[in-house]
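Trainee: What follows is each chain in one-letter form.
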Amino acid sequence: MKKIIFILTIFSLILNVSCITDETCTQTKYVKLTVGFYHVKDTLDVRTFTPFGVDSMTVQGLRIDTTTNQYHLVDSILYNNDKTKLTSINLPLDNFATQSVFRIKFNAIIDTMTIRHANLNDYLSLECGCIVTHSIDTVIVTNHYIDSVRVFIHNVNTLNAENIRLYK
Amino acid sequence: MQRIFVYISSFLLCLTISTANAQKKKQIIMPPDSTKWLNGFTVHVDLASLITSSLTNNVIYSTEGGIQMDLKHKIFPTIELGIAGANKSTSINSGFKTNGVFERIGVDFNLRKKKPDSKPTNNLFIAGIRLGMSHYNYSVTNLIIANDYWGDSQPLNFLDQSTTKIWYEIVIGVQVEVLKNFYMGWSIRKKNLITQDILGQVAPWYIPGFGQNNGSNWGFNYALGYHFWPQKKSTKNSKVLPSQQIKNQINNK
Chain A
1 MKKIIFILTI FSLILNVSCI TDETCTQTKY VKLTVGFYHV KDTLDVRTFT
51 PFGVDSMTVQ GLRIDTTTNQ YHLVDSILYN NDKTKLTSIN LPLDNFATQS
101 VFRIKFNAII DTMTIRHANL NDYLSLECGC IVTHSIDTVI VTNHYIDSVR
151 VFIHNVNTLN AENIRLYK
Chain Z
1001 MQRIFVYISS FLLCLTISTA NAQKKKQIIM PPDSTKWLNG FTVHVDLASL
1051 ITSSLTNNVI YSTEGGIQMD LKHKIFPTIE LGIAGANKST SINSGFKTNG
1101 VFERIGVDFN LRKKKPDSKP TNNLFIAGIR LGMSHYNYSV TNLIIANDYW
1151 GDSQPLNFLD QSTTKIWYEI VIGVQVEVLK NFYMGWSIRK KNLITQDILG
1201 QVAPWYIPGF GQNNGSNWGF NYALGYHFWP QKKSTKNSKV LPSQQIKNQI
1251 NNK
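From first to last, the protein sequence lines are chains A and Z.
Residue numbers are given in the numbering used here: position 82 of the first sequence equals residue 82, and the series is strictly consecutive.
Residue numbers are given in the numbering used here: position 17 of the second sequence equals residue 1017, and the series is strictly consecutive.
Rather than coming from a laboratory, the hints here were simulated on the basis of the structure.
On a predicted model such as this, the values are computed, not experimentally measured, just so you know.
Errors might be hidden in some of the hints.
In silico lysine-lysine, DSSO-like type, Cα no more than 30 Å apart, as pairs [unchecked claim]:
(1) A/85 to A/105
(2) Z/1074 to A/29
(3) A/32 to A/83
(4) Z/1190 to Z/1088
(5) A/29 to A/83
(6) A/29 to Z/1097
Listed next, with one range per pair, are the computed distances between beta-carbon atoms [said to hold, decoys possible]:
(7) Z/1135 to A/65: 30 to 38 Å
(8) Z/1135 to A/30: 34 to 42 Å
(9) Z/1166 to A/150: 57 to 65 Å
(10) A/65 to Z/1190: 56 to 64 Å
(11) Z/1170 to A/25: 26 to 34 Å
(12) Z/1168 to A/121: 27 to 35 Å
(13) A/147 to Z/1201: 18 to 26 Å
(14) A/72 to Z/1166: 24 to 32 Å
(15) Z/1153 to A/114: 51 to 59 Å
(16) A/45 to Z/1201: 49 to 57 Å
(17) Z/1149 to A/162: 54 to 62 Å
(18) A/32 to Z/1154: 14 to 22 Å
(19) A/121 to Z/1077: 41 to 49 Å
We treat Cβ as the ideally placed atom computed from N, Cα and C, and that holds for glycine.
Excised from the complex, chain A in its bound form:
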């Protein structure tokens, strides 16, 4: 009986201490806006949308300089002359601004896409910290290569969902 009590005591102490050991973050913190590319095909009575891959694509962020009020390219390039015929791309929205602008180069034609969004801090845990999720308000595109745009899912979070569709 004494032995059992002793073992239980030690076990309980270990259990108590093991409960406060350091933990690592296991939750996903990957928040990206997903943009899909679609080809519009009009027949006499039906309009169909089919995904299409772009031959070559370069995507880069544009950041406004508040002093000069001019846009400058962000140093880092998100997609650089990608020839894998991508049918969709993932883009990071600016966590501290309500507008994110991207320059998208389709083969040799350049368009810009302006996304206006609200940001929301989302606390995960002490180990994982915070993520910022977004709610898309409006999307504006230039129409050199892109024909039109449609917001499909306004909430941008860790779930894998196609938020925006660009039509050619």
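Assemble chain Z onto chain A, guided by the hints.
Mentor: For chain Z alone, kept in the frame of chain A given last:
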């Protein structure tokens, strides 16, 4: 036919007599319960929390004690009070700090059955329940919001957040009188949180008296206590009849 009737009648008569005798025996064997309703109270402090604090390099710290009433040596209403806190820093350099008071009320039951011819003992095997509560402030600091692509990051601090947490505990343990009126005992507790975190709220990492904010926790207490105003054992009342004496009583009646 008449013989069968006689046999059955005699058998039933014997059965009735023996049952009546057995009931008579049962009634006589049970000695009168001389235990008073209020049998003093025990004041105790928890030693396990102090050991745990030192083992965790004071990442968490806790001190607690309690008062346990003794009702008929069967029911033990209990109040426990304590202070606890945490000063935690993670691998990503975010920090959590709290310091708060907690209280628990509940009741323990002595599961040890008193045998008629056993020595009177103050050793207990207990099972009980607790309702715990803590209202406290906490701070979460240096939560980095990364903005890798766009080139900057910002730390977020949530200072002086306030919350109230309520939980219940299921307790089992033993309590032994090691010296006259001095008790030592341990208990294992299963703690379950009743109040849940609000979605989107910066939830506390630690709850004083409950432990890490996991929804459910195990706890361990090792208590040292002193029993005040114990019932005086009068030799007349507490004398336990030996088995032979009881048998004699039955025969005499």
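Trainee: Hint by hint, say whether it matches the structure.
Mentor: Here is how each hint holds up against the structure:
Between residue 85 of chain A and residue 105 of chain A the CA atoms are separated by roughly 13 Å; this keeps the pair inside 30 Å, and the hint holds. A hinted pair counts as satisfied when its Cα atoms are at most 30 Å apart, and residue 1074 of chain Z with residue 29 of chain A does not qualify at roughly 54 Å. For the proposed pair residue 32 of chain A and residue 83 of chain A, the alpha carbon gap of about 21 Å is at most 30 Å, so the pair holds. Restraint check for residue 1190 of chain Z and residue 1088 of chain Z: the C-alpha separation of about 23 Å stays at or below 30 Å, so the hint holds.
A C-alpha spacing of about 28 Å is found between residue 29 of chain A and residue 83 of chain A, which places the hinted pair at or below 30 Å, so the restraint holds. Straight-line distance between C-alpha atoms of residue 29 of chain A and residue 1097 of chain Z comes to about 24 Å, which keeps the hinted pair within the 30 Å bound. The supplied range of 30 to 38 Å is broken by residue 1135 of chain Z and residue 65 of chain A, whose beta-carbon atoms lie about 49 Å from each other. Remark: the range hint 34 to 42 Å for residue 1135 of chain Z to residue 30 of chain A is upheld by a beta-carbon distance near 37 Å.
Checked against the hint of 57 to 65 Å, the pair residue 1166 of chain Z and residue 150 of chain A fails, with Cβ atoms roughly 48 Å apart. Look at residue 65 of chain A against residue 1190 of chain Z: about 59 Å separates their beta carbons, and that is inside 56 to 64 Å. For the pair residue 1170 of chain Z and residue 25 of chain A, the supplied restraint of 26 to 34 Å holds, since their beta-carbon distance comes to about 31 Å. For residue 1168 of chain Z and residue 121 of chain A, the Cβ-Cβ distance of about 33 Å falls inside the hinted range of 27 to 35 Å, so the restraint holds.
Range check, residue 147 of chain A to residue 1201 of chain Z: about 44 Å between beta-carbon atoms, so the 18 to 26 Å window is missed. Evaluation of the 24 to 32 Å hint for residue 72 of chain A and residue 1166 of chain Z yields a failure: the beta carbon distance comes to about 54 Å. A hinted range of 51 to 59 Å is violated for the C-beta pair residue 1153 of chain Z and residue 114 of chain A, which are about 24 Å apart. Range check, residue 45 of chain A to residue 1201 of chain Z: Cβ separation about 53 Å, and the 49 to 57 Å hint holds.
Roughly 20 Å separates the CB atoms of residue 1149 of chain Z and residue 162 of chain A, a value that falls outside the hinted 54 to 62 Å. Under the hint 14 to 22 Å, the C-beta atoms of residue 32 of chain A and residue 1154 of chain Z, about 19 Å apart, fit the expected range. At about 45 Å, the beta-carbon gap between residue 121 of chain A and residue 1077 of chain Z stays in the expected band of 41 to 49 Å.
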